[in-house]
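Q: Listed here are the chains, written in short residue letters.
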Amino acid sequence: MNVTPGLFSRTNTPLLFFLFLAIALGGTLSIAPSAAADEAGDAKPLLIQGGRILTMAGVDFERGDLFIRKGRVAAVAPRLRARRGVQVIDASGKTVVPGFIDACSALLREPGGRSGSRATCSVIDAINTFSLQQKRGLEAALARGVTTVAVFPQASSGVGGYAAALRLIPDAAPRELVVEEKLALHAAVGLGSYGRPFHRLGEIENLRGALRGAKEYEEALENYTEELEEYEKKLKERAEKDDTEDQDKETDTKKNGNGKRAGRTKSRDNNNNDKKAESATKNDAAKDKDKDELKKPKKPRHDPAKERLLEALDGEIPLFVEVHRAADVINLLDIVEAYPVKLVLIGCTEGFLVTSELAGAGVKVVAGPAFRETELERNEFRNHVPWFAAALAKAEIPFALASSGRLAGETRHLTLNAAQTVAHGLTERQALEAITIEAARLLGLDERLGSLEKGKDADLVIFDGDPLSSAAKVEMVIIQGRIVYQPGA
Amino acid sequence: MKRTIKLRIFSFGTAFFMLLCCLATAESGPDGSRKSPTPVALKAAKVWTGTGQVHDDALVLLRGRQIAAVGKDIVLPAGCEVIDLGSAQIAPGLIDPFTALGAVGQNIEIIDPIHPEATAEDVFDRFHRDFERALAAGITSVVITPSLDNLVGGTAVAVKTAGTCACSRCRVLRRGGPLLLTLSEAAQKRNRAPTSRIGAIDLFKQTLARARTPAVHGETPSPRIEALVRGELDAYFYASWRYNLDTVIGLRKEYGLKLTLVGLSDAWEMIDELAAAGMPLILGPFNALTAERELCVPGRAQAAGLEIAFTSGAPGFKPEGLRSSAALAVRYGLERDAALQAMTLHAAKMAGIVERVGSLSPGKDADMVVFSGDPLDLSSKVLRVYVNGTPVYAGACCGGCCAESEVCP
Amino acid sequence: MMNSSLVLLICFVLLFGFASAEAREASDSSGLLVVKAPKLYIGDGRVIENGAVVIKDGKIIQVGPLSEAPQGAAEIKCPSGVVTPGLIDASSTAGLIDKYSWTEHSSEVVSHLNVLDAVDMRSRDFERLARQGVTTVYVTPGSGSVVGCRGCVLKTAGPAGERIVVSRGSVKATMGRDSYRRGGWNRGPRGRVDFWTRRPTTRMGVTWIFREACFEARKYRDARTKPGAATVPHDAALESLAAVLDGQVRLRVQARKEHDIWSAIRLCKEFGVDLVLEEGTEAYSCVPELKEYGVPVVYGPVFAYPTGFRAGSGEANEPCLNTAGILHEAGLLFALTASDLSGEGALPHQAGFAVRAGLPRAAALRAVTAAPAEILGLSDRIGLLEPGYDADLVLWSGEPFLPTTRPIAVVVGGEPVHVAGITGAELRVLQRAAKESPEK
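Chains as they are written, first to last, in this note's numbering: chain L, 1 to 489; chain P, 1001 to 1409; chain D, 2001 to 2440.
Errors might be hidden in some of the hints.
Straight-line alpha carbon distances no greater than 27 Å define the calculated DSSO-like cross-link-like pairs of lysine-lysine that follow [claimed, not checked]:
| # | chain 1 | residue 1 | chain 2 | residue 2 |
| --- | --- | --- | --- | --- |
| 1 | L | LYS94 | P | LYS1046 |
| 2 | L | LYS473 | P | LYS1046 |
| 3 | L | LYS233 | L | LYS249 |
| 4 | L | LYS454 | L | LYS70 |
Please keep in mind that the hints were generated in silico from the structure rather than gathered at the bench.
Computed from a prediction, not measured in an experiment: that's the story for all the values here.
Excised from the complex, chain L in its bound form:
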């Protein structure tokens, strides 16, 4: 009698178990990707509709749509169709601009003493997003449309360490903000001097010496490598030569019956074995010396500061130098002429006096703030003119507009600074570019930031009104496709 086992009988349990497992797994597998997508931090795709889009990439749309997916700009066009699952933001009547970049900010950097930074330091170690003061500063800057800042270590003279570029994401740990950790090296000329000419001499000499020292270090390293190769080659030759000699000597030993070791000289005094042996040892030593004269080359002591400087000297990362007086600018250009340094000047208050030299040297400038009320009595800023940016624009020197890098509170007023330059010669477009795409280019981040183009990070600001107007209101700030600031929400 065949008893057909029921579906849920004991015999079928393994089958049922595996079936259940398969269903469960299948279910989880189908859920997993989207969950993983959420956990990976990709926000929902966004479509910003109907706004006036200033892409800073050459094309503007009076009425355009911008589609963001996986934290990047996927498309910008006059009209895009909204798909299912996409969050639509109505920007009609508003202006959409790329998030502003402050190319020299003091935001988030813990206040500390001057000239504390050495070349081996990294400013990322001084970034604090947890203190109340820094949080407030970040939120205030974000609320005015600044989405990225470049922070430099505070070296008042000499060469400081790595600068960093950070996104202004609220309530995040410092590591989450990093756009680029090894952005540039930083140096400063003239700010330590407080108007004392001899001190300035010393500073320039320091910088020159530092670069020269790094170059010498590089040469020493290269020499060492060559010498090492040669040494090893010679060692090899000697070794081969010695091998053949040894074979000869062994036969000699066998002839002489002398148990003395190899390295015997062909001494004429065969009677006095001891003497022979002594002189033999001496001559052995001499021959050993010969061999040792082929000394192993000494490796230059490892100098991490110089290694860092070499990165800048060889043009791997840019060197940002804060300098204000025209004479210092000329000196600086002389110093770096010999090296393939990618030089960017910060501040450059008297740049308008030396535009031809700057243009000739092909340097770029991060022009300091138009507001300088709090610093005017210092020697460096005595010749500050309100049309400093227009002069650079006229001479076709690539420049960005930034804060001074000394006061964290300046970053939030970046647009006001830009607006002031418009009053003194720049066009509105030039001013806006100077705080978006030009700033990104100077920082070497223009592949990811600075304009609203396909493939770049989706960092943008939606304004109600003209961004440079004092009555402009920020409606929304988006960083990497996520809404990070939305007043009234």
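Position chains P and D relative to chain L; hints supplied.
A: Just chains P and D, lined up with the frame of chain L:
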């Protein structure tokens, strides 16, 4: 006899000649220039009158040194010269009600903490470069005050930053007021009374009490303090911290003084009390270092019904700070109309010169600024400044970098 | 089983109700506030068990057993608490704007000025003091002048218009180095020529200035009461001092060292002036003199090693921890003060330190309530829980002045200014305490 007649003819002729000269000079206005017979009208894309009215595509008609009419459809007299400023915007000349222009180091006199007879007019130096710089920022009238080193520092003087005459007197808009009173650490010295706040408040109370009832203590009070206590002389009171502000409000209540408050660092804590007291406020200067709670004060004060004005802190700070303080205030909540009024009409009221300047109204002096755009936008620049109907400033040289500058070679 | 759990539930609910220190709104708006506690320390030694204090319009209207308390009023209660009068600090530096605003250096005799002008009424110091149980303070002038300005008495909280109890209080004089320490050797700080260069430079000079001032005041007073007074120019400082000589205004003298205390007593004897001794670090060695002349002492803080400006003065290097105990045994009127200390050195803790050093507990309570009230001349308004007195009281979580006790509720001028919330831990402690004596 002949000689006498010759002498008489000679003297008579000389006298007649001198009379002619006097008449000739009398024809011109006190500023030395001849009264322009041709009326001039300025046409601009926007005219901000300073009273809250804004006219689009309007005209400002000048007659001599004064404004004759403002508006879109005004009747231009025959032979009127119309200057078309294109897309520019005209606003009243800006007024900075609390400065020390041209007087830094000269206005400190600390012999006596109560020094009401001093006057800042004695240190008004019209040749000083500070006035040029203020003019370039669009400021046409300023009040020069004594320093803050005395409890009662003396009277301020209101002057124009430019003029077309060859004397200082005609630049003065108001002399003998307002009086400057200070309650701050600056007035407390080491080698002169008062050395502490206790001493300062006691001196204030004594001075005011003595002025009210002089006979009791047998002393002759200062006429200026008497006028202050009677409410006839207005005063600026410089007070920063909340306890100082509390004291000032108390003194005002007790003595019924006409006060304008300056300083006001702690005003953010005390808007309600200040609103209840109803005194006008002079705020600023604001810059990148100013805390946000202070930047919100102009907006909150205006919403509470207080009159506000801005100061640039010149010459310690740049005179451009007047407009940038206003722009920052607008950013943090002040209405744009109120911001412009604060820089013009309200400032004139607080300085006591509102009959002459402060708005583009018929009969007032033709002090105007031509901006390339909205006066409250920092991207607008000062194209031209008119004082007494004459253009006295024609834009800054920017090294040949900007197209519209009329000044660069 | 169900029955017992029901009982347990009811007990829990009741305990919760009683254990919380709430101030519930009255169902009728009679404007009454009732503070109930197992113990009321009246302040003069009397203790009322299971009592209630009834407050109306900022005054205490009734103090008595719970049974006599009116029903339906807003109440604050604690099942293990103790109510005492609000503490009074008779020599505080609360609210003073900064140390350099205290002292007017333009003259050594500034008895016409008021320290109230240097007090910031919005200072956070007052809130802090109120939370610690201190309801009234005497703000004492700085010690930089030989004859300094006049103190004031303030409430630390309460209705704004009633914060100032006395605006021009006693004149303060200083014996000792404080008035010339900063400009010693007849040279101003940093070598500048200023008022300090003409200060007295020794104690001899200090006592001389005091005597001279009193002498001039006496002369002034006599001249003003004679005919021809109108020709005498008004001198506000001497006017105040004349009032002191007449006994209308009190005199406080700060003196730390023994010989300074003797000088103070001697000088006041000469002019027939009553004085109150402030600081009195070495008062323990002057007891017979203090007793003979009947000098109340405002002593504090209790310390073995001086801190703050006391350390800098160089005069406080021989303290005695049990000074309060010694003064008490001698039968002197004295008050404890926290001076410039707060937090862990606040007035309730000072009382605790004094008790630890030897002062009896009841005397400690009196030293921070009724005694300072008497010294300030306000013993008919504050310092006791009696009908007619200001409604300033503190509800402690247990025996006051113990380190394990804190204020649960503080009432100033009839307004509760601090009522602690109940946390889980507090509830458990209160439940446990309630279980031990369930009828409370």
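Q: Taking each numbered hint in turn, which are not upheld by the structure, reported in ascending numerical order?
A: none
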